[in-house]
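**Q** Below are the chains, spelled out letter by letter.
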Amino acid sequence: MGLEGKLVILREERTEDMKLLAELRNDLETQAWSKTLPPDYTEHMYIMRFQERTFSFDRSDGRFIIEDKATGSFAGMISYTGLEQRFASTIGIMVAKPFWGSGVAADAQETLLKFLFTELGLRVVRLWTHSGNPRAVRLAEKAGFRISARMRQAIYKNSELYDNLVMDLLREEYFSLHPELVDIIPVLP
Amino acid sequence: MLDQQPLAVPFSFQGASIALRPFESEDVDVLYKYLNHPDLVGRRYIPWEFSDLLPLSHKQVQEIYEKWAEGKEGLHLAVELSESQQVIGHANLEVEWDPHCPNIALVISPVQQRQGYASMAIGLLMRYLFEHTPAHVVTGWVTDWNTAGRQFLLKNSFQEAGCMRRAGIRGGKYFDLVIHDQLRSEWLQRVGGGAHGA
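Chains as they are written, first to last, in the numbering used here: chain A, 1 to 189; chain B, 1 to 198.
Excised from the complex, chain A in its bound form (with noise of 0.2 Å):
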């Protein structure tokens, strides 16, 4: 079943969901980074991938296809990397261009971030974007975080330069966002 939000499941990753996820990829308004360049990836590179991924309790990482519940269409995916146990994360996201506006992306954050909160115990999570993403910002700025370092001038694409973002929610912050959920986990200072 996945991770059931208002307009979206998360669910685990298909073999069928391969050509999608390359043709995400190789479009440019979707990738922020250029690490992510150049825009030749394969259904083949995506399925040799899935197929590398093996069964472990201990993974530190997590990847999601967002499906629309109304249609049960792709409409993009979503993940987080870098666990510290019950501590912190980093979550990124890709949406399908025929789903911007949806409020699927911000559905679909919701859901990621109640499962890290609420299920994972986290104090903390994080994302990375910069400054020429603003649609970015404002998906993030809607689940709670605020942007805590603005590093200058370090990410260059598209012919431009833009500061690189740390955006950060802490567990506290997200919990008084969501007062019909209750935190045992005791507050540090």
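Hints may contain errors.
Straight-line C-alpha distance at most 30 Å; calculated DSS-like pairs for lysine-lysine [unchecked claim]:
| # | chain 1 | residue 1 | chain 2 | residue 2 |
| --- | --- | --- | --- | --- |
| 1 | A | Lys157 | A | Lys142 |
| 2 | B | Lys67 | A | Lys35 |
| 3 | A | Lys142 | B | Lys173 |
| 4 | A | Lys142 | A | Lys69 |
| 5 | A | Lys69 | A | Lys6 |
| 6 | B | Lys173 | A | Lys114 |
| 7 | B | Lys33 | B | Lys155 |
| 8 | B | Lys173 | B | Lys33 |
| 9 | B | Lys67 | B | Lys33 |
| 10 | A | Lys35 | B | Lys72 |
| 11 | A | Lys142 | A | Lys6 |
| 12 | A | Lys114 | A | Lys35 |
| 13 | B | Lys59 | B | Lys33 |
| 14 | B | Lys72 | A | Lys157 |
| 15 | A | Lys97 | A | Lys6 |
Read the hints as simulated data drawn from the structure, not as lab findings.
All of these numbers come straight from a predicted model, not from anything done at the bench.
Following the hints, position chain B against chain A.
**A** Positioned in the frame of chain A, the structure of chain B alone reads:
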């Protein structure tokens, strides 16, 4: 016709009284001693898979040395006193993937601090990065409780860029990592614009 130009000399990490050089196997004992110095706990700048809080065994220090000597993940150099050839610390230069924005860290053994060695070392690292690599901006990360480290970066013309909140727990409290940066243009202004374009 062979080019008669002299061969380019490799960048020399040689300062007034210190040098930066690759770690060698005979450095492991001195590395073990200063990495386990209580004053360095929490600011040792060692690979993330090793605890920055707990004592390090000889085997762990040997593994750290092997990683650094291998040189596959960034540049990790010993800081050596030129006269006595005594190793007094280490300098890290890390590039996650983009050489446009590398990250540096410096550790000097507590018994050798406050003698200007770190300033000499950072001068060499910055010159290397801005004169011999595509670096445009250099960052340095310091825990919020490491006031000496923060002052050191500010003294060396870095600016505070903000922090990564809640980077760990120390003494029953969360702490942050304070991020500093310095642009190439700022460095050029500081050193007098003598450097050529990257």
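**Q** A separate judgement is required for each hint: does it hold in the structure or not?
**A** Consistency of the hints with the structure:
Simply put, A/Lys157 and A/Lys142 have alpha-carbon atoms about 25 Å apart, close enough for the 30 Å limit, and the pair holds. Note on B/Lys67 and A/Lys35: the hinted pairing holds, with a Cα-Cα distance of about 24 Å set against a maximum of 30 Å. Proposed proximity of A/Lys142 and B/Lys173 is supported: the alpha carbons are some 28 Å apart, at most 30 Å. Restraint check for A/Lys142 and A/Lys69: the C-alpha separation of about 21 Å stays at or below 30 Å, so the hint holds.
A threshold of 30 Å between alpha carbons decides the hint, and for A/Lys69 with A/Lys6 the separation of about 8 Å falls inside it, so the pair holds. A threshold of 30 Å between alpha carbons decides the hint, and for B/Lys173 with A/Lys114 the separation of about 24 Å falls inside it, so the pair holds. Of the supplied pair hints, the one linking B/Lys33 and B/Lys155 holds, its CA atoms being roughly 28 Å apart against a limit of 30 Å. Between B/Lys173 and B/Lys33 the CA atoms are separated by roughly 28 Å; this keeps the pair inside 30 Å, and the hint holds.
Of the pairs offered as hints, the one joining B/Lys67 and B/Lys33 holds, with about 18 Å between alpha carbons and a cut-off of 30 Å not exceeded. Taking the CA atoms of A/Lys35 and B/Lys72, the gap is about 19 Å. The hint holds against a cut of 30 Å. Annotation: proposed proximity of A/Lys142 to A/Lys6 holds, straight-line Cα distance about 16 Å (limit 30 Å). For the hint pairing A/Lys114 with A/Lys35, the CA-to-CA distance comes to about 29 Å; that is within 30 Å, so the pair holds.
Taking the CA atoms of B/Lys59 and B/Lys33, the gap is about 13 Å. The hint holds against a cut of 30 Å. Restraint check for B/Lys72 and A/Lys157: the C-alpha separation of about 26 Å stays at or below 30 Å, so the hint holds. With a C-alpha separation of about 20 Å, the suggested pair A/Lys97 and A/Lys6 falls inside the 30 Å cut-off, and the hint holds.
In terms of the numbered hints stated before, the structure departs from none.
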